[in-house]
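J.: Could you build the full structure based on these sequences and the hints that come with them?
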Amino acid sequence: MSVPYTFTIVGKNDNPLYEAEFASGVKAKEQAHHLSQFVIHSSIDLVEEAVWKSTAMNLKGVDRFGKSYISSFVTAGHIKFMLLHEKKEEDAIKGFFQDVYELYVKIAINPFYQLNTPITSVAFDSRVKKLGAKYF
Amino acid sequence: CGAVVMAQKGARPYDRIGEQVFAKVDKINAELFTLTYGSIVTQLVKDYEDLGEVNTQLEKMGYNIGVRLIEEFLARSNVGRCADFTETAEVVAKVGFKMFLGITANVTDWDAEKKEFSLVLDDNPLTEFVELPESYNKLWYANILCGVIRGALEMVQMKVEATYVKCVLHGHDVSEIRVLLKEILTDEIPASMRDE
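Line by line, the protein sequences are chains A and B. Counting from 1, position 89 in the first sequence corresponds to residue 89 in the numbering used here; the numbering is continuous, with no gaps. Counting from 1, position 72 in the second sequence corresponds to residue 72 in the numbering used here; the numbering is continuous, with no gaps.
Hints in this document: simulated from the structure, not taken from any laboratory. Note that the coordinates shown come from a computational prediction; the quantities given were computed from them, not determined experimentally. Note that CB positions come from ideal geometry on N, CA and C, so glycine has one too. Check the hints yourself; a few may be wrong.
[Unchecked claim] Label-pair restraints from in silico Cβ distances:
(1) A:Asn15 x B:Gln157: 56 to 62 Å
(2) A:Ala108 x B:Glu19: 31 to 37 Å
(3) A:Pro16 x B:Glu134: 19 to 25 Å
(4) B:Glu134 x A:Gly61: 36 to 42 Å
(5) B:Asn29 x A:Lys60: 31 to 37 Å
(6) A:Gly77 x B:Leu51: 50 to 56 Å
(7) A:Ala108 x B:Asn64: 28 to 34 Å
(8) A:Lys12 x B:Arg81: 56 to 62 Å
(9) B:Thr86 x A:Ala123: 52 to 58 Å
(10) A:Pro118 x B:Val120: 33 to 39 Å
(11) A:Lys129 x B:Val25: 56 to 62 Å
(12) B:Phe33 x A:Arg127: 21 to 27 Å
(13) A:Gln37 x B:Asp111: 57 to 63 Å
[Said to hold, decoys possible] Computed list of lysine-lysine pairs in DSS-like fashion (alpha-carbon distance at most 30 Å, straight line):
(14) A:Lys129 x A:Lys12
(15) A:Lys67 x A:Lys106
(16) B:Lys182 x B:Lys60
(17) B:Lys159 x B:Lys115
(18) B:Lys60 x B:Lys166
(19) A:Lys129 x A:Lys88
(20) A:Lys88 x A:Lys12
(21) A:Lys130 x A:Lys60
(22) A:Lys60 x A:Lys129
(23) A:Lys53 x A:Lys87
(24) B:Lys115 x A:Lys106
(25) A:Lys106 x B:Lys159
(26) B:Lys166 x A:Lys12
(27) A:Lys106 x B:Lys182
(28) B:Lys27 x A:Lys106
[As the list claims (entries may be wrong)] Here are some chain A residues the structure puts well away from chain B; computed CB gaps all over 12 Å:
(29) Asp91
(30) Ala92
(31) Thr120
T.: Structural data, given as structure tokens:
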């Protein structure tokens, strides 16, 4: 099962702040990686619309591309967590988004982190990857 | 062996005093405190740019806090005169830190003449959630505490030097402040009255 999940955090100006891939099988090829980035980026408009229609942070599925689904979670500060996935696993995704959100809040509280800038913390990266392995 | 432990506990009632005082004082939200301190430090870093200068400024700020804090401390804790510097160390670590930060520090590593000791902190509300960027190696983030110790002890006639030697933000497992007694001050006429 080579089902790569691509997780991206997008800032307020559609700028990418963080990216990670979780593959439960074979690692995705370079080309597929660029494709997933493109797909996620193109669904940002839909996310922006969906944000105003719901009071919850977890928007769940917002878009489809071929066989893939895109789910999204938008924080109160309009930082968007985007996940590109093949299977519809709402519960796992909900749990994943919640845990990543908690990690994100800890980064945001750090006085030395400027909001809307790329997240370079190695600790954050390794923890997100562990969460990916745990949920997917 | 049991008797030795009992004797040690009897000689150190400061833990208990610390907890009693802590229970009586007003509390504020820890996150508010941490975030406020965080923004002070980041602002200083932006204003001074040189990290060594930031350390100095934090220490000065701490000094100004310490000279005022000591009054509150003595009023609330009712701790009497300390017999010697070793007792001072215990009081600072167990009662002082507990009262104002809610944590207790450990006193370790006395030198032969009992004029220098280490205060070891396991955790510190000032540094919660803080991650130092890589180029900030020179910054002692919680240096304000060194100033507070210096200011407070100066008001009770002890001139000390307090410096950070280890910090959890730099990757160490604990934070450690080294406190050195430089001299015991005799009562002097304050400079402002001396000139007249």
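J.: All hints, please: hold or fail.
T.: Going down the list of hints, with the structure as the test:
For the pair Asn15 of chain A and Gln157 of chain B, the supplied restraint of 56 to 62 Å holds, since their beta-carbon distance comes to about 57 Å. Remark: the range hint 31 to 37 Å for Ala108 of chain A to Glu19 of chain B is upheld by a beta-carbon distance near 34 Å. Between Pro16 of chain A and Glu134 of chain B, the C-beta spacing of about 21 Å keeps the proposed range 19 to 25 Å intact. Glu134 of chain B and Gly61 of chain A have their C-beta atoms about 39 Å apart, which keeps the hinted 36 to 42 Å range intact.
The hinted window of 31 to 37 Å between Asn29 of chain B and Lys60 of chain A holds, with their beta carbons roughly 33 Å apart. In this structure the hint that Gly77 of chain A and Leu51 of chain B lie 50 to 56 Å apart at CB is violated, the actual value being about 29 Å. Taken as a hint, the range 28 to 34 Å holds for the pair Ala108 of chain A and Asn64 of chain B, whose Cβ atoms sit roughly 31 Å apart. Between Lys12 of chain A and Arg81 of chain B the Cβ separation comes to about 59 Å, which falls inside the hinted range of 56 to 62 Å.
In this structure, Thr86 of chain B and Ala123 of chain A break the distance hint of 52 to 58 Å, their C-beta atoms being roughly 39 Å apart. The hint said 33 to 39 Å for the Cβ distance between Pro118 of chain A and Val120 of chain B, and at roughly 36 Å that hint holds. With their beta carbons about 43 Å apart, Lys129 of chain A and Val25 of chain B fall outside the hinted range of 56 to 62 Å. Judged by the Cβ atoms, the range 21 to 27 Å given for Phe33 of chain B and Arg127 of chain A holds: they are separated by roughly 25 Å.
Separated by about 60 Å at the C-beta atoms, Gln37 of chain A and Asp111 of chain B satisfy the suggested range of 57 to 63 Å. Of the pairs offered as hints, the one joining Lys129 of chain A and Lys12 of chain A holds, with about 23 Å between alpha carbons and a cut-off of 30 Å not exceeded. Only pairs whose Cα atoms come within 30 Å are accepted, and Lys67 of chain A paired with Lys106 of chain A is rejected, the gap being roughly 34 Å. Between Lys182 of chain B and Lys60 of chain B, the direct Cα distance comes to roughly 18 Å. Compliance with the 30 Å bound is thereby established for this hinted pair.
Taken as a hint, the Lys159 of chain B and Lys115 of chain B pair is honoured in the structure, with Cα atoms around 11 Å apart against an allowance of 30 Å. Annotation: proposed proximity of Lys60 of chain B to Lys166 of chain B holds, straight-line Cα distance about 20 Å (limit 30 Å). Taking the CA atoms of Lys129 of chain A and Lys88 of chain A, the gap is about 20 Å. The hint holds against a cut of 30 Å. A C-alpha spacing of about 27 Å is found between Lys88 of chain A and Lys12 of chain A, which places the hinted pair at or below 30 Å, so the restraint holds.
Among the hinted pairs, Lys130 of chain A with Lys60 of chain A is consistent with the structure: their alpha-carbon atoms are about 21 Å apart, no more than 30 Å. Of the pairs offered as hints, the one joining Lys60 of chain A and Lys129 of chain A holds, with about 20 Å between alpha carbons and a cut-off of 30 Å not exceeded. The suggested pairing of Lys53 of chain A with Lys87 of chain A holds, with an alpha-carbon distance near 25 Å, which does not exceed 30 Å. Our distance criterion of 30 Å between C-alpha atoms is broken by Lys115 of chain B and Lys106 of chain A, whose separation comes to about 40 Å.
Of the pairs offered as hints, the one joining Lys106 of chain A and Lys159 of chain B is violated, with about 39 Å between alpha carbons and a cut-off of 30 Å exceeded. Proximity of Lys166 of chain B to Lys12 of chain A is assessed by CA-CA distance (about 38 Å); at most 30 Å being required, the pair is judged violated. For a cut-off of 30 Å, the pair hint linking Lys106 of chain A to Lys182 of chain B is broken: about 41 Å separates their Cα positions. For the hint linking Lys27 of chain B to Lys106 of chain A, the alpha-carbon distance of about 23 Å falls within 30 Å, and the restraint holds.
No beta-carbon of chain B is positioned within 12 Å of the beta-carbon of Asp91 of chain A; the least distance is around 29 Å. A cut-off of 12 Å between C-beta atoms confirms that Ala92 of chain A is not in contact with chain B; the least separation is 27 Å. Chain B draws Thr120 of chain A into its interface by the beta-carbon criterion, the shortest separation being 9 Å against a cut-off of 12 Å.
Comparing the model with each numbered hint stated earlier shows that hints 6, 9, 11, 15, 24, 25, 26, 27 and 31 do not hold.
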